[in-house]
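Student: Chains as they are written, first to last, in this note's numbering: chain X, 23 to 238; chain S, 16 to 444.
FYI, nobody ran anything at the bench for these hints, they're computed from the structure. Note that CB positions come from ideal geometry on N, CA and C, so glycine has one too. Please note: incorrect hints may appear among the correct ones.
Some chain X residues close to chain S (C-beta under 7 Å, calculated; not the full set) [stated by the list, open to error]:
{"hint": "1", "residue": "94"}
{"hint": "2", "residue": "101"}
{"hint": "3", "residue": "115"}
{"hint": "4", "residue": "119"}
Cut-off 25 Å, straight-line C-alpha distance, at most; resulting in silico cross-link-like pairs (SDA-like, lysine to any residue) [unchecked claim]:
{"hint": "5", "chain 1": "X", "residue 1": "138", "chain 2": "X", "residue 2": "126"}
{"hint": "6", "chain 1": "X", "residue 1": "138", "chain 2": "S", "residue 2": "63"}
{"hint": "7", "chain 1": "S", "residue 1": "152", "chain 2": "S", "residue 2": "63"}
{"hint": "8", "chain 1": "S", "residue 1": "179", "chain 2": "S", "residue 2": "202"}
{"hint": "9", "chain 1": "X", "residue 1": "138", "chain 2": "S", "residue 2": "276"}
{"hint": "10", "chain 1": "X", "residue 1": "138", "chain 2": "X", "residue 2": "159"}
{"hint": "11", "chain 1": "X", "residue 1": "138", "chain 2": "S", "residue 2": "361"}
{"hint": "12", "chain 1": "X", "residue 1": "138", "chain 2": "S", "residue 2": "115"}
{"hint": "13", "chain 1": "S", "residue 1": "179", "chain 2": "S", "residue 2": "152"}
{"hint": "14", "chain 1": "S", "residue 1": "115", "chain 2": "S", "residue 2": "161"}
{"hint": "15", "chain 1": "S", "residue 1": "152", "chain 2": "S", "residue 2": "166"}
{"hint": "16", "chain 1": "S", "residue 1": "206", "chain 2": "S", "residue 2": "171"}
Anything over 10 Å on all C-beta distances counts as not near chain X; from chain S, calculated [stated by the list, open to error]:
{"hint": "17", "residue": "33"}
{"hint": "18", "residue": "209"}
{"hint": "19", "residue": "248"}
{"hint": "20", "residue": "282"}
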Amino acid sequence: MTASLLRATGVARRYGELEALAPTDLDLHAGETVALVGPNGAGKSTLLSILAGALEPTAGRVEGSARTGWVPQRPAHYGRLTARENLELFARLEGVGAPAAAASRLLERFSLPPDKPSGELSVGNRQRLNVALSLLGEPRVLLLDEPTASLDPGQRRRVWEVVNGLRDDGGAVCFATQNVEEVGRHSDRVLVLQDGRVVYEGEPAGYAAAAEEAFR
Amino acid sequence: MLRRSPVLLGALLVYPVVIAVLVGLVAGYASSKPRVAFVDEDHVPPVVRVAGHSFHVQAIIDEVASNVTLVRMGRDEAARELASGKVVATITVPPGFLDKLASTVQTPSLILRTGTGGLTPVVKEQTQALVYQLDRKLQDAFVAADLRYVRLIQHGGRATLLGKSYDVLGLDRMEQLLASLPPGRRVATMKQFVAFARFALGETGSALAATANPIGLKQPKTKGRSWVLSAEVQSYGIAVTVTFLALLLAAGAAAAEKDEGTIGRLGRGLVSLGRLVWAKVALAAAAGLVLGGTIAVVFGIVVEVGGVTGGEPWARLPLLLAGVVLAAAAVGAAGALLGALSGEARTASLVAVLVVLPVVFLGLVPKGVAAPAAWISDALPFVHAVRFFSSALYDASPWRTVGVETAWLAGIGAVFGVLARAGMRRLAA
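All chains, please: the whole structure from these sequences, using the hints.
Tutor: Structure representation (structure tokens):
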């Protein structure tokens, strides 16, 4: 077993009476890709947000010193700024040494139009900018919430090339999806969530029954 | 849809009522007593004795000044407040006024100075009414004094004139003397005169009452700042603009963080929520500075070009701009809270527009008209901004007011800032 890069112990989230996520444990190891599967409202986004540090858990804790990149489900960038400006702004906030160079590198890597306000970009381009922003701090752990939901097959392929490259370089990836094909092709381990609880954790080969039950 | 949104339905019903009440209060105030400076250069004592009658000066002023609010102040302060539009007129009691009045043989004059704005005709009328009522009070005393001499001539008795005492014969005793004289043509003529004199003097009391007018009113030509350029209008103008801009901008900017989804990305340790609120506050302050400064400069230019006296638009500009920054920051904190509570930029902008109107109206309602409105207004930045600007621009010694209002604005801004931070935390979740 490789080293744990990010460890969640008993993390849970409540909104008043509603339990969005029951206490959950999750270890992300170097060189591993974990898929979170489940219907809408199962707790996938909540778990990812907690792992990313974007949401405070009401119980439990997250530990790990590796830099983390986060791709939220909905693109998160300033619509009035261009892709380049967004990348440079967040690069500065991430403490990247040369923000302009980092922005140029990612613009090229994701084939993004640099000088168009990002609010005017196509849905696919906005999502690719969303992914590009998550890579600014050169993270070792990448957390992606349905990263390819609005992308065409070619764009999906390019995103997975980047994500798999990070994993192959010794990083860890955790992504939420409802796409069965992506689970089988890209994950090493699967967690099936239903009503805020983990109902399956194991090999991708054995998750189908649990997923079918969860989606029923 | 409205049935399923009871809060929205309630707001739609309550909002016009609130606005109507506030407009009513403000309109009532607008038609109420204007502020008039009362300058006493003759050092009128609390009790004045005129023609044998005692007058309690303040009581008389309170009684007769039902149409204006008279505020006692020094000559320089009054001139300054008239020039800046803080008072709409000054009434001056000139030196020697009481001596002339007490002599009952000269007509002393009060001096009325008014601004040149739209309220001037109203103020003139109300001041004339004030003087007329004072005349009526003094008239009774003067008539009584004059009638003492008439009665002395009618009935005789002892009288003091220029320090010497005299025994006055009187018409009654003169008639008795004439009756004791042998009848003749000359005696008959004198009897006829006495009878006529008695009749004429008997009518004197009512004739005096009908014609008395002991105080005149002089109005020297003065050049004061017009009402539309007054300190109050300038202060309100800047405060309304800055409040509107800062509230709208900060509310929209705060809510946009949720709209754009960036609050989650920023909240991952890139930017603290406090710093995020501070950024909105700083944005509001910077925008307020630009717009408020522009308005102040335009006012100053208009005042200069118009050759209008009063006020110090340039010397006090730095102090005013410091107030604008502070006020815009405090309003910006309130706007950030609105944005955090609204959670959506368009909703936040609409709410901010809807909130500005009652906030401004609350600031216009004076404490004397509706105390609760003033209390609520005290908890909001607008009214403190107005006081700061007004004092910074035109008070001879603004530091106390500026200090107090700075403390208010800083305190209110801090409270709204803390609440906005809590709201942003909720927004991030």
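Student: Does the structure keep residue 179 of chain S and residue 202 of chain S at a Cα separation of 25 Å or less?
Tutor: Roughly 31 Å between the alpha carbons, so the hint for residue 179 of chain S and residue 202 of chain S is violated.
Student: According to the definition I'm using, a residue is off the interface if its beta carbon is farther than 10 Å from all beta carbons of the partner; does residue 282 of chain S meet that for chain X?
Tutor: violated (6 Å)
Student: So, as I understand it, the hint says residue 119 of chain X touches chain S; can you test that by seeing if any CB pair is closer than 7 Å?
Tutor: Violated - the Cβ of residue 119 of chain X stays beyond 7 Å from chain S, reaching only about 16 Å at its closest.
Student: Tell me if the straight-line CA distance from residue 138 of chain X to residue 361 of chain S falls inside 25 Å.
Tutor: Within the cut-off at roughly 23 Å; holds.
Student: Mind checking the alpha carbons of residue 179 of chain S and residue 152 of chain S for me, to see if they're no more than 25 Å apart?
Tutor: With a Cα-Cα distance of about 31 Å, the restraint between residue 179 of chain S and residue 152 of chain S is violated, given a limit of 25 Å.
Student: Tell me if residue 101 of chain X is really an interface residue toward chain S, meaning its C-beta lies closer than 7 Å to one of theirs.
Tutor: holds (6 Å)
Student: What's the verdict on residue 138 of chain X and residue 159 of chain X, does the C-alpha distance respect the 25 Å limit or exceed it?
Tutor: holds (23 Å)
Student: Can you confirm whether the C-alpha distance between residue 138 of chain X and residue 276 of chain S stays at or below 25 Å?
Tutor: holds (19 Å)
Student: Decide if the proposed pair is consistent with the structure: residue 138 of chain X and residue 115 of chain S, CA atoms, cutoff 25 Å inclusive.
Tutor: violated (84 Å)
Student: Should the interface hint for residue 94 of chain X be scored as holding, given a Cβ-Cβ cut-off of 7 Å against chain S?
Tutor: The hint holds - residue 94 of chain X has a Cβ within 7 Å of chain S, the shortest such distance being about 6 Å.
Student: Over 10 Å to the closest beta carbon of chain X is the bar; see if residue 248 of chain S clears it.
Tutor: Given that every Cβ of chain X is farther than 10 Å from that of residue 248 of chain S, nearest at about 36 Å, it holds.
Student: Could you grab the alpha-carbon distance between residue 138 of chain X and residue 63 of chain S and see if it respects the 25 Å cut-off?
Tutor: The hint is violated at about 83 Å.
Against the hints set out earlier in the document, violations occur for numbers 4, 6, 8, 12, 13, 20.
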